[in-house]
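Student: Please assemble the complex out of the two chains, which come individually in their own frames, going by the hints.
So the sequences go chain by chain: S and A. Numbered as in the numbering used here, the first sequence ends at 106 without a single skipped number. Numbered as in the numbering used here, the second sequence ends at 596 without a single skipped number.
Everything labelled a hint here was simulated from the structure, so no lab data went into it. It cannot be assumed that every hint is accurate.
Some residues of chain A that are not near chain S, with every Cβ distance over 12 angstroms (derived) [what the hints assert, rightly or not]:
| id | residue |
| --- | --- |
| 1 | R147 |
| 2 | R161 |
| 3 | Q166 |
| 4 | I173 |
| 5 | Y203 |
| 6 | S364 |
| 7 | G385 |
| 8 | L423 |
| 9 | D536 |
Pairwise CB distance ranges, derived in the manner of DEER restraints [as the list claims (entries may be wrong)]:
| id | chain 1 | residue 1 | chain 2 | residue 2 | range |
| --- | --- | --- | --- | --- | --- |
| 10 | A | T149 | S | R54 | 40 to 48 angstroms |
| 11 | A | G103 | S | G78 | 26 to 34 angstroms |
| 12 | A | A42 | S | F7 | 30 to 38 angstroms |
| 13 | A | P176 | S | L77 | 52 to 60 angstroms |
| 14 | S | L77 | A | A410 | 42 to 50 angstroms |
| 15 | S | L79 | A | E588 | 27 to 35 angstroms |
| 16 | S | G78 | A | I413 | 46 to 54 angstroms |
| 17 | S | R31 | A | R462 | 43 to 51 angstroms |
| 18 | A | V111 | S | M16 | 45 to 53 angstroms |
All of these numbers come straight from a predicted model, not from anything done at the bench. We treat Cβ as the ideally placed atom computed from N, Cα and C, and that holds for glycine.
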Amino acid sequence: MRGLFYVLSAFAVMGLAIWAYDQNDRTQRAMGSVRELRREIHSLRESLGVQRAEWAYLNRPERLRALVDLNVARLGLVPLTGQQFGQIDEIAYPMLLAVTEDAL
Amino acid sequence: MIRIPLRPLARILDAREQGENPQLIERENLRLRTEQARDTGRKRAEWRLIFLAAVFFAGYGVIGARMGLLAAAPVVETEPYQGEQIADERADILDRNGRILATNLVTNSLYAELRYMIDGARAAHELARIFPDLDEDRLTTRLTDPDRRFVWIRARLSPEQAQEVHDIGEPGLLLGPREMRLYPNGRLAAHVLGGAGYGQQGVTAAEIIGTAGIEYRMDTRLRDPDLAELPLALSLDLSVQGVVEEVLSSGITMLNARAGSTIIMDAATGEIVAMASLPDFDPNDRPAPPLEGDPADHPLFNHAVQGVYELGSVMKSFAVAQALDLGLVTPGTMVDTRGPLRIAGFSIQDFHDYGAQNSVTDVFVHSSNIGTARLAQMIGPDRQREFLRSFGFLDPLSLELSEVARVIPQFPQRWGELSSMTISYGHGLAISPVHLAAGYAALVNGGLQVVPTILRRPDTIPGTRLISEQTSETMRALMRAVVVRGTASMAEVEGYAVGGKTGTADKPNPQGGYYEDRVVATFAGAFPMTDPRYVIVVTMDEPSETSGTEARRTAGWTVVPVAAEMVRRIAPLMGMRPESAAEIEAAFRLR
Chain S
3 MRGLFYVLSA FAVMGLAIWA YDQNDRTQRA MGSVRELRRE IHSLRESLGV
53 QRAEWAYLNR PERLRALVDL NVARLGLVPL TGQQFGQIDE IAYPMLLAVT
103 EDAL
Chain A
6 MIRIPLRPLA RILDAREQGE NPQLIERENL RLRTEQARDT GRKRAEWRLI
56 FLAAVFFAGY GVIGARMGLL AAAPVVETEP YQGEQIADER ADILDRNGRI
106 LATNLVTNSL YAELRYMIDG ARAAHELARI FPDLDEDRLT TRLTDPDRRF
156 VWIRARLSPE QAQEVHDIGE PGLLLGPREM RLYPNGRLAA HVLGGAGYGQ
206 QGVTAAEIIG TAGIEYRMDT RLRDPDLAEL PLALSLDLSV QGVVEEVLSS
256 GITMLNARAG STIIMDAATG EIVAMASLPD FDPNDRPAPP LEGDPADHPL
306 FNHAVQGVYE LGSVMKSFAV AQALDLGLVT PGTMVDTRGP LRIAGFSIQD
356 FHDYGAQNSV TDVFVHSSNI GTARLAQMIG PDRQREFLRS FGFLDPLSLE
406 LSEVARVIPQ FPQRWGELSS MTISYGHGLA ISPVHLAAGY AALVNGGLQV
456 VPTILRRPDT IPGTRLISEQ TSETMRALMR AVVVRGTASM AEVEGYAVGG
506 KTGTADKPNP QGGYYEDRVV ATFAGAFPMT DPRYVIVVTM DEPSETSGTE
556 ARRTAGWTVV PVAAEMVRRI APLMGMRPES AAEIEAAFRL R
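Bound-form chain A, shown alone (with noise of 0.2 angstroms):
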């Protein structure tokens, strides 16, 4: 900025010459002077002040905006509506039709904090009239010990003995909130179910566990909170359920079996309608595991799961249809059954003697280990090896129950030609019967493979083929021609056209061979063959029928008639219509 000066000389010597004064000027320019300073300090207040309204406007109108955002937002609940106290809260288990399998309960624990406590000695003698099981004198020392100051004493009690404790009327005596997890079905579907324990336990809250089954398996999802309102629906049909366990309990008691289990799934999807295993046990009180003896004694032992056995006839279905796939034979083709059939110093023999020949649904519907063995020579063992694969009965089974990490299949390592011969009449081969259903529910549904699941899962993609459209059919009528003049006549139901495979096989002896009187009689099958909605497989330990003279071990008499008498029962409840005799003649004469 220039500054004028307030007396310039040039100015003041031409005012002087005309005789002007020279103050005049210096007062002008004084005033300009200030005039100009005054200007400047009025524009930096002015400036100043735009520059602070504008910094409280924007201060304002954040607040002012945040105020209005929070007030339009939608209401949300700022903590969630259960309070601390149920932090283990635990999701129900509902079956298929929404019916309660397993499900919480609030009951109260009891402890005793003895800083509290007048009369320890009176609460123990009380408490013991309360809980006869409870060991007084024991009680008696932990109450009156000046060292503890903390005793638990139950974990659960019922409602009348809470109130009982409470009339004690001991301070020291203190009732803590616990939740339970309840079975209201008893012993319907222990194995499935499992059981629950308790984790980790405060005063206040307890966390349980699943210690087995689907409660095991499935812990993290059902004590996500998350996920603690949305029940897990299991694919099993209680109703289901609960008349196959009746069917299978009355027969094993008639056939004076060691042990039974029964599998119904869904043709489609894999989906598991029943599992049962006998015998069972009650998970509100799961029995403490086995220390000693056989575990498949053992109620806790899941046999459906669990039993890998050797399977034995059940397992010609996989033998004839590779056959019938790979389009070796046909079911007319003629097979050699000249019996006995020697190789590599063994001998393969037949429960009958069929004759020199006989066609491939007749090796099927008599079930001659020979006409099969013939069967497995055409197939190959590296060709039978990889079916069996594809099929899953190599692998470990993926089920979601916490047992199934140690159902391991055992085959012989070297699959030679006699492997593979025993293998297809189901010697050498060893499976579970959950592997054995969803094999045959891809034989029956059309030749696609099912993943068993325990889930309710109705949205299953399909699996990969494994045998094709024609041969599941021709399967099916194979599996029909079994019922109808075969092994397994016992198991005809009116109306519901079952057909299936029988299978006797002998159990092996843990010291080496066979045992000669004792077998696993297992029936495989499904219903109604026309159109197969659901597969079924019926085992048992040892069974034996003695009505007879003679003690009858074979499937057809033991197994068959109990799991034709299941779907007589079970078929109306999962609302399947009948069909008529003609309509199932009909049906297998088209093709």
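Extracted from the complex, chain S is given alone in its bound form (with noise of 0.2 angstroms):
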């Protein structure tokens, strides 16, 4: 009964060694890979800020008005003024118009 006792704790022993080398393994293996992973956010955080100053720049007022510029021909915008906004009550609804023909 002793004897059986005693083996069973040396294998509880070995058992638990084996997991407990497991563990650390994996663990240090997740760390590197956190470490990977950081890495590879940081640079792409990294290209995200290039992008967006990119964005920004190819963005600017005086880019985008120069562009206005060049292609007043084509594109015929010009600035905001307050003679586009409307009334709601200016505008028709030929939806409703349309339905009603439909059922008659």
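Tutor: If you want it as structure tokens, here you go:
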């Protein structure tokens, strides 16, 4: 009985040791991949920053204005004015009209 | 403990008498004694075991509990995710709609480690080919100097230049990562942003520090590593700022002005939606500060903040508002406007002769100096000074820009009756356009003080009351009348009910007195006057309108059309619906 207990204890200790080693190994691998991911996030953030900066640079009012002036013949863009606002009752209801005609 | 003797004499004697063996008694007692000793020993051993077990149990228990806690605790990043290479990260600056005003870009710096250098002369030759502005001879001396170990060559390289340097193939030329502050909009809002430069430099990093404007003032906030991810939102609107700068720039060109500035401010919160000052500069390549000449002529000078001028008739609004608020007059009260008004050897005159007497409304609409001086006489110097102090006109500006520290209003130390009369029409008190904008915001928003700010601050609490709601309403009607039938008639913008006041002040001559033909023209107003949302202040330094036979310098001919064009362009951009003429008229007839 006692012998069996000793053997079982020895196996238990070995088992726990293997488990602990495995955990340690997996932790280290996980930390390695975290480092890798951090590097990747960092470089992606960097390129994101570059993209955002470029987007802002390409959309700067000065450049857009020059582009509008350049393409005035094709696009015919003019500054927004107060005359372009309308009242809600100036909009007709063509859809409603179509339905009524169909019903008739 | 009582020790029982092994051979108690009484029992031995009794046993001997009865013929028993006394040895038995001794053996019996010995046995009892041994048993007793064994029992105590066992008890002690048992107690020791229990104690040890408890100690071990507690020890393992503590370790187990700690492990359990660690396992159950949520996962936390043990180190911040940025590596040490971006210790110099700086927060972005955005406009009110989240568009980028300032951000960082990673570039390379170039340096040379001479212990790895193989052919310094060739490296210098090749570098001079890539960077034409480098002095080849000087670089050759530095790169071949045996006493040197390290040479900085350039702080910033473009990716193409970095590749070309790499292609030289010289192991002594090394590239270090370098963050760079980028202002993608170029000159836009240059005076607000200021600029940034490098502080401490190392091979792997350099700290970026703000040198002026918001970059300098908010430097600690922008460099705070905990807030690096959180951009700083300004109250500026990029589109509005762009339009304002464009219109102001063409206005300055057309009117041959030396400089100009514009402020668009939210009338309720004091948020500055646009602040322009021309001439301007590119914050990506900030010019060196002027060492000689008038600093006001240099592009770095922010006219909207640093331009402390006597602003002329725009100040009449405050004299009229105070007289109305104190109940001294009503808009219909007649005021003596006979000129010239002589006091203490000084004569106050009007631009035109407006007759013997005028109503307060007409004094304001026609901008009568004499009439306003009469109002100031009624108010008295002490009350006037306290009133202007409550608007913040006597205190340095509070604004989140580094330049405000040197912006101090100028006013006479002895504030007598004459000073009070000239100050009432804008001579004798010099303030900045931002002061003026904040003052006009309070005049039109119902009478509540606003604190000018360049930061996005949507939840501003209303300030203290400076004038009554009723006075503010009257002031709105008076300012509207100035546009409808007064000096600012060119400010009329269909649908946006602009109202305001013009001011044309002679520039003080540094040699004493005032210039005859140099003025600072100002328009201060708000729109729409039916329910003012934005205050607009436009100033120009030495404008002159030369389309007629004679050069015209009054604000009505110079800054007012510029201000009107700005309102026409920016009001729709800010989502404001134009009101019909009938609506505007109805709003003013109700009063």
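Student: When you look at the beta carbon of A:L423, is every beta carbon of chain S farther off than 12 angstroms?
Tutor: holds, 46 angstroms
Student: In terms of Cβ atoms, is chain S entirely out of 12 angstroms range of A:Y203?
Tutor: holds, 18 angstroms
Student: Looking at A:Q166 again, its CB stays over 12 angstroms from all of chain S?
Tutor: holds, 16 angstroms
Student: Has the hinted range 43 to 51 angstroms been met by the Cβ atoms of S:R31 and A:R462?
Tutor: Because 49 angstroms falls inside the window, the suggested range holds.
Student: May I ask you to check that A:I173 keeps its beta-carbon over 12 angstroms from the closest beta-carbon of chain S?
Tutor: holds, 25 angstroms
Student: Are all C-beta atoms of chain S more than 12 angstroms from that of A:R147?
Tutor: Correct as stated: the minimum Cβ-Cβ distance to chain S is 32 angstroms, above 12 angstroms.
Student: Is the distance from the Cβ of A:T149 to the Cβ of S:R54 consistent with 40 to 48 angstroms?
Tutor: holds, 43 angstroms
Student: Given a hint of 52 to 60 angstroms, does the C-beta separation of A:P176 and S:L77 actually sit inside it?
Tutor: Given range 52 to 60 angstroms: holds, Cβ gap about 53 angstroms.
Student: Holds or violated: is the Cβ of A:D536 farther than 12 angstroms from all Cβ atoms of chain S?
Tutor: Non-interface label on A:D536 holds, nearest chain S Cβ at 16 angstroms vs cutoff 12 angstroms.
Student: Check the non-interface label on A:G385: least C-beta distance to chain S beyond 12 angstroms or not.
Tutor: Non-interface label stands for A:G385: nearest chain S Cβ at 44 angstroms, farther than 12 angstroms.
Student: For the hint 45 to 53 angstroms, verify it against the beta carbon of A:V111 and that of S:M16.
Tutor: At 52 angstroms between Cβs, range holds.
Student: Against the range 27 to 35 angstroms, how does the distance between the Cβ atoms of S:L79 and A:E588 compare: consistent or not?
Tutor: holds, 29 angstroms
Comparing the model with each numbered hint stated earlier shows that all of them hold.
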